[in-house]
Structure formats: C-alpha cells, structure tokens
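Undergrad: Okay, here's what each chain looks like letter by letter:
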Amino acid sequence: MKCSTFTLLTALAILLQITGLSLFILGFFPIKPALSGVSGPESFRPPSCASTQDQNHTALHPHQLKSLYQKLSEIPPSYDRLILLVIDGLPAEFVLGRDGQPPSKTLKDAMPYTQSLLAGKMALGYHAKAAPPTVTLPRLKAMTSGSIGGFLDVLLNFNTQAFLEDNIIGQFFRIGWKMVMLGDETWLKLFPGLFTRHDGVSSFFVKDTVQVDHNVSRHLSYELYKDDWNLLILHYLGLDHVGHLGGRSSVMMGPKLREMDEIIKMIHLSTIQSHESDHRQTLLVVISDHGMQENGNHGGSSYEETDSLVLFIGPGISHVSPTYDTINQVDITPTLALLFGIPIPINNAGHLIADLFHPLEDHQLLRAMELNSWQLLRLLQAQATDSTCGNLEDASSSLYLDAAALHGSWKSKNVLRSASGNDLKSTVLAYTEFLATASDQLSHTATDKPIGLLVSGIMTMLLSCVMFMGLLYKMGQEVYPNKQVHKFQLSEALIGGIIVIIVLSMGSSSLVEEEQYLWHFMTSTFFLVLLHQTIKSNTGNRTSQLFSVAVILISGRILKGWHQGGVNWTHLPDISKSLEILGSPYVKLLQIISILLVITLCLCTLSSLLSRGSFVILIGLSYLCSGLLVLHYVIKYQGSESETGTGTSGNDAIVAVRLIYGLIIASVTVTVIASPWFMSFESKDLVSVIKDSLYLSGTAYVFGWCLLQLLLQQSVNSMVISLLLVQIVATIYYASRSGSDVKQWVEIAAIYYLGMAGHFSLGNTNTLATIDVAGAFIGISSHSTVLSGVIMFVITYASPMLALLSMVMSVSVKETNIILKNNEVNTGQLVKMFLGFPCLVPLGMNSVLLVAYTVILLLMRNHLFIWTVFSPKYIYVVVTTVCVLVGVLIVASTVTYVISTAVFLRKKKPSS
Amino acid sequence: MMFLKEEMKVSSGFKDDAFAVELCRRTADEGGGGVDGGGGVSLMKGTWIWGGWFTEDVMCLFAPAASVYGSSWVYWHRIFANTKLIESIDYMICIPAYGAVIGAWFGAWPMPLDWERTWQEWPICVMYGAIMGYLVGMLASFGFVVRVSRQRVKGD
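Here the protein sequences come in this chain order: C and R. The opening residue of the first sequence carries number 864 in our numbering; numbering runs sequentially from there. The opening residue of the second sequence carries number 122 in our numbering; numbering runs sequentially from there.
Keep in mind that the hints were calculated from the coordinates and are not lab data. As the structure is a prediction and not an experimental result, all values here were calculated from the model. Some hints here could point you the wrong way.
Okay, derived cross-link-like pairs now, BS3-like style, lysine-lysine, Cα gap no bigger than 27 angstroms in a straight line [said to hold, decoys possible]:
1. C/Lys-1399 <-> R/Lys-205
2. R/Lys-205 <-> C/Lys-1350
3. C/Lys-1451 <-> C/Lys-1399
4. C/Lys-1128 <-> C/Lys-929
5. C/Lys-1052 <-> C/Lys-1089
6. C/Lys-984 <-> C/Lys-971
Not close to chain R: a few residues of chain C, all C-beta gaps over 12 angstroms, as computed [what the hints assert, rightly or not]:
7. Leu-923
8. Gln-1074
9. Arg-1121
10. Leu-1394
11. Gln-1396
12. Thr-1397
13. Lys-1399
14. Gly-1429
15. Leu-1473
16. Val-1518
17. Ala-1537
18. Ser-1551
19. Gly-1642
20. Asn-1689
21. Thr-1743
All C-beta atoms, glycine included, are put in the ideal place defined by N, C-alpha and C.
Assemble the whole structure, with the sequences as input and the hints as a guide.
TA: Written out as structure tokens, the structure reads:
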C-alpha cells in the first residue's frame, strides 16, 4: 500500500472515531435544554407566544420589585424570614424512619426535640429524594434552582465558580433581602457577593468533626439576636465527616445528632420568641443535601444515599398525615419561592408541596398551583424541539388545559359563591396531576438516553477500530514480509494479552477504581518477560540491556509505591505521604535532585550528537538555561507561601513562570524547525540526516515536556517525572540495542504502557477528585477557563503525553534497514517506514480500549456505580483519546516535516 | 469543588496489597535477575505471614532446584532461561516451579476486588495461587516424566 493511501485511511479512521465518540457522548450525557435569564414579573402571567419581555423591572428598586411581585402573585407571603439549616449528609431515615417504621430508639433518643416537634405535629417532614450524583455541590444547585443537572454539569462547571442559573438565593437578593451564611464555603463560591455576613468553613479536613461545626455555632446566638437578616443559611458539615470516618453507626453519630438537635431547639425557641415580640414569622427549614451509605460514603444512587431530609418548622404548619411522604429534592425550590412571594426560578423542574399551602385560602392555593404550572409549562414549551408555541401535542399539555379550565370555572363559581368543596378538590387534583406529570417529564429529559444515537456512535467507533486493526495488520505484513512462521515470543503475545486483560477488567467496578494496580502489574510483568528474554538470548550487548531492564523494573517499583492511588486503599502509607510527613525540606531536596537528574539526562542524550557541530551545543545551552530557571523558580517560590507570603501567586512568580513557558516553547519550536536544516549541512547521508534531526527534535520534545512538568506538577511528583523519563529512555535504549529481537511495534506498545502506568504513578485515579485544580492556575494572573483547562490537561496527562512524544526519539534510534539508492528517494516510503507503527499502535490500542469501554458503559447504564465509577472513568478514557490524537498528530507532523525538509534539501544540494 | 473534595474522603477498610512486588519477587527468583521487591516488606503485617510465605516459596522453587543443580550457572540458565528440559528430573523440578510462578501471578488477581474476604489479604491469595499452580505443575510433570521415560525405552 502506498503512503498516501495509509495516511488517508488513518485520517478517515480518526475522523470516524471522533464522530462516533461525539455521537455517543451527546446521547449518553444529554445536555439538558435550559432557559437562560431569570424569572421576572412575567412569570406571574400566563405563558404566551409573543415573548415580549418587559425589561423595565430591572431598573426597579429592590423594595419596589418586592411589592410588584406581591401585587402580581396575589398570594401574601406567609413568612418574613427564612432559616435554612443544612445538615450535610443526614439521611432522612435517622429522623423519619423508613417504610413507615419509626427510627430506632437510639436515633429517636438522640434527637428528642426534633422528635417532639414531629410528634406534636409542629413540623412537617419529608423524605426528599436527591438525584445522583449525591455530593454537596450539585445538590445545593438543585435545591436552589430546582433543576436537575446532568452529569456533564459537574464537569463543565469544574471550577465551581459562581452559579449563573436562576435560583432562589439570587431572587431573594433581587428583592433586597439581607442574607447571612455560616458553614460550608461552597455556598460562598456558588453565590459570591450575595451575603451580607458570612463565615465559610472548608470541607477539606474530613477528620475534623468538631471544629467545623463549632465555627458555625459560635456565631449562632449573635445572629439569632440580630434581626437585620431575612435569610440565614447554616451549613453543618460535621455529620457528613462523622459518616466518612466511621459510617452510619459510628460512635460519634449519637452525640453529633444530639448537637444538631440542640441547634434546632435553640433556633426554634428563638423564632417563637421573635414571633411573640414583633410578630415576625420565621420559617425554619431543616434540610440535608444527601444521605449516606452504611459506611458513610455517598455519591451514587442507592436509597441510602438519595434519602435526604426536609423538615419545615414554623408557625402555621401542622402535620396532617402520620406517614412521611416522599418528595423530590427539587420540590423545595418552587415551594419556598411561592411561600415567600418571589418568581419561581426559570429552570425549575419541581412542583410545590401542597401541604404547606393548606393554611392559605382556597383561591391562594389554586393561584400557587397555577403559577407553578405556568412556569413548568414555559420550560416544557422551551424543551419541545419544534417550538410551535404552546401547541404541545402531548399528555401534559392536555392535562394543563383541563386544570386551567377547571380553575376558570371554579373562579367564576367562586365569584357567585356557588363553588363547592368538590369543585376545589377536582381543580387541585387536576393541577397536581399536571404538575406531577410535567415535573416527571422534565426530570427525565436529564436522564433519558436516545438508544439510536448511542448505537450509531458505537458502530462508528467500532468501524474505526476495525480500520485501525486492519491498517496495523497490513503494516505488519509489509514491514515483516518473511514468509516463515515467526518464532513465538512471549513478550509479543503479552502485548495483546495486556489489552485483553485491561478490557475484561473494565467491567468490574472495583478494578476500575483500582486500575493502577493492573497497569503496574502488567508493565512489570511485561518487563520481567523482557528480562527473561534478554537472559535467554545470546546475541547483542547483554549486560547493558540487562541493566536497562533492571533500571526500568526498579523505577517501576518505586513509581508504584509513590501514590497508593485508587479509592479503597488510599489511606495506606506510600512514598508521597511519607515525604509530606518528613516535611518540605526533603520534598524540595528531592525536587532539586530530580531537576538536576533531568538536566543531566538531557545533556547526556545530546552529547552523543556533539560531533554534529555548534547547533547541538546551542540547544544544550538553551535546555540548561530553562532547567536552571525551573530550579530557580522551585527554590525561590514553591512551598514558601507560609513563610514569606510571596508564594507562587505573587507577581514575580507569575512573570518567572511565563518566562519559563516562553523559553521552553521557543527552544522546542526552534529546535524542531531548524534541526533538519543544520543537520543537512553537517552530513551527506540522507538517512543519518533524518535520524539525527529526529533525535534532536525528540530530545527537544521529551525534555521540554519534562521541564514543563517539573514546573507544573505538585512538588512531591517531580521525582516521578524524572523516574518516568528514566524508564522511557531506558526502554528506547534497550530497543535500540536489541536490533531485530524487539520489534518496533512491541517497543512502542511498551512505551505506551509505561505511559499509562505512569499516569497512575502521578497520583491520578479514575475519580475526578485527583485532578490537580490548583496547578492549573500556575502562571495565569486572570481567570481564563481555556488556559487553565489546557494547563490542567497538561498536568493530568503528563505521562501518556511524555510516552507519545518520546516516539519521535524512539524512531530515530531504531535500526532501520532502509537502503537508499543514490538518487531515488521516495519520501512517502520513508515517512511510512518511520511513522507507520508510532502512529498506528497507540491509535489502535486506544481505539480498542475506547470501544470496549463505551460498550461497557452502555451495558452498565443502570449499574449502581454508573455516576460515581463508570462515568468519571469514561471521561478519562475520552480525554485519553484526545491526548493520543494530539500526541500522534505532533509526532506525525514532526516526522513528516523533518523527512520532507531533509529530502527537499538533498534534492536542492547537487544543483547548487 | 465540593464534589471533588468529597470524593477524596476515604472509605474504611484494612487491606494490604503489593501486587507488582509479589510478581517481581516471584519471577525474579525464576529469571535469576536481581530484582527484589524490598518495598513490600514494609507493608507486612505480622512476620509469621512473611515467614510462612518465604518458607513456601523456598519449598516450591528453590529447594528442589538448588539441591539438584547446585551452583552451576549453566544448568540454571538452560532450565530457567532457555526452558530446555532434557531429563525427567528436569521436568520433575521445573514444571511445578513454573506452575507455582504462573499460579502466583493469577493468584494476585482477586486482591483489588472489593469482596471484603479475609483471604484477599496479601499474601494469602498469592500463596494459594502458588500452591495450586505447584500442584497442577506436579501433575503435569508426572505426565511429562512418563512420556520422557517411554521415549527413552523406545530409544533404547
């Protein structure tokens, strides 16, 4: 096959892969259609086609807006003030019991005041079903905006900055409420600048179960005494921390519940007092954002995790039914909005809790339902693809029309005072039916999966995978044309075996969680087999080869121990933890050692080309320079935040980092572009020109990348980077010495595996938690999502990218038996020889893993861990694909550039 | 951010593992190389496990081979690197040794699974794997020995 055919087919396969992947992602992680903007006065009018939004309300003073809302809503606010008491991770079961059974006696005894409120029918309790992922941030968003975020929301809002969607906190702010927030600082990040007073606590120190709550409670009596606020948010994290430490039945759970009970008691008594003194009605809402499993973890979709609590305590609330209903967590939003007379947030999918509106008059209850229906109807209309304005030809719209008709007839009867209880009841029923249906329908759009899209996506990816395999097979046939049967080599079989094992292991959630073990196990197995093979063979320079394999194995062992990784055994000791305990001087020492090691290795690799003239010396100097700058930066700025106050965020540091970025990028670019030109001066032989230029370019990539990583990675990881570099260089050295014993595709696969194992050695796991967000802002002064995203990618994919970039170096030292006749140079043939395997092997292996994991994700879509284990892993697989594509693109363009330039210069030479 | 932080929170559980170390040790014994997973020793809880493991290791692999081949590098190289088995005693010693290595390799597989069984603890399941492999190897070596002796009879 010709080179152009190869290139075209590969490009086609890549395109197919990208198309299939996009189709699948679109189908599997639907981005829910959301309305932009916020609800205003128009939300109190029936939805109409002509979207004539009167914008003049934005100019209104908060108090004018408040009175406008009150006039429009026709419902007098039932309460003046709201206290939102969030108890992180409290399962509703602890307070309300399960399946109609009351909670156990110990739990009841732990919360005597709350139980007495419930028994005295002064509180209204619900099981509020939380949607997965059951972790705090998305739950807070759901409770304040009423919309169920998709999984991608978590990813897209990675930097968890301000919450831009319409929400009740923003609505309260707009009508001039004064708000106070005490507790989890997530609130401050979501709603920056909205709180008059706040004291945020970090949820980072999980082991702390006392101080986090004390930091909230210490302000409590002051805040309850002050009465300038309208909304008081208290977010207690202690109970969640207790759960994480000891599970549901931890010995600390009882005292913690008692503490929470005391707080409820204190708040309740003070609200009664304030009611007596100045007739201000205060509503206390006790909510938990999510529940917890038996062992205290949460995040998934089991009953234990999604069973969260809502407790309404306030004057006028009386409990009617003895059993506690189950509602959705999003129902809190419209309920609170209607109770306090603000517009329902525009993307709300919840429906009001009717029990809370029973104290109101009949027409007010119906009005509240009407307002909720209008809002849901607007959202439904916006989501209907062919938005033919209000003509929703489905069940929900007809339900709405029924309810509206009944409401209309009730109204006219009410004027004549002939409305009976039955009319009211049927209207309420009709509204409830519509609200439930619409709410259901809206929640499902976030979870329904279009099967056609998924299957076509998978088929396209499968086709591209088959194409890659076919190309690889063809390439193998062309490179190794000998007809005789190949001798069986265990290492070659193992390369395929590893892929099969990895694919099989992906179906098990615990092996996905603990994937790092697999990669370390497999790479060490492979290199042990290689060691065995080296001992067996009698050819070549055996001692140096043995030495390099031994170096790879020993580095691999150290790398494995660097980060415990995974999910279940992260608490076990490992090297990085021991280093952190030892203190920063040791970490810094190791950092300096590794920077020096990288610089030395760089100069050593370059020294083999010293005879090629001053250009090489120049390149060496530029790397030495950037290496020393990194060293300077590390010594001066890193880890000094606490002592000098300058740290990595100071202006000097940012300038220094930018200087290093610039120097590294400039020297790599110059090296790659200039190397074929300089090498053509120095040598006559085309193949050696190409090889030397590729060697120089490869060195530039690898060491430029390593220096960048030494700058960006956490300080404990710098040794990992240098060890990875050692491993990769040793592999390349081994393969260059073994001649035809180790085939090129085996070598490339081995480097790829090293890269994957190294990915986990850097402390990465298959949860999104280990992504180094802090590192993404090194050298950036203003917030930029794109730039910090790129840096985050560079940090997270340091190791696979290093492996891919080293391919340029690996092809340059591989023995090739290309015999060129003097004037017959076939550029295409050359490019194919150099590039065939380095491009196809990573692409092929990655595409197998991608297709396999996509199929597994589809099969597991109803698995308990789909959101916590499989989906994050899929995100990693997708980004790995991106990484492979980018890496292969860089390798391919570099090699093509170098070869074509060298051939071009050679053709020019004789004529000049 | 909360989402990320909370994922960091750790579940409970007491398990050890030293997956690759185990393999390094095992096969290093085999290949004659100098790689030893010394880092795994720190993970040991209870020296008796280590002792028992080591004894078993020596019993399976080293003792028979060492008592037969002694310190002759040529023999060791032929048997373990080139896997050229000639005499029936070679089969009797090597096949179980290979079996033990392969068994240990497979025995390490259940370790990261979250079944929460006691035997998943390092190095119990690896030892079981090695013993199973050793037994299978013994049976297989018996077959080989029979075949070799038949060939010898024919040859004679």
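Undergrad: Find the hints from earlier in the document that the structure breaks and name them by number, from lowest to highest.
TA: The structure conflicts with hints 3, 4, 10, 11, 12, 13 and 14, although it agrees with all the remaining ones.
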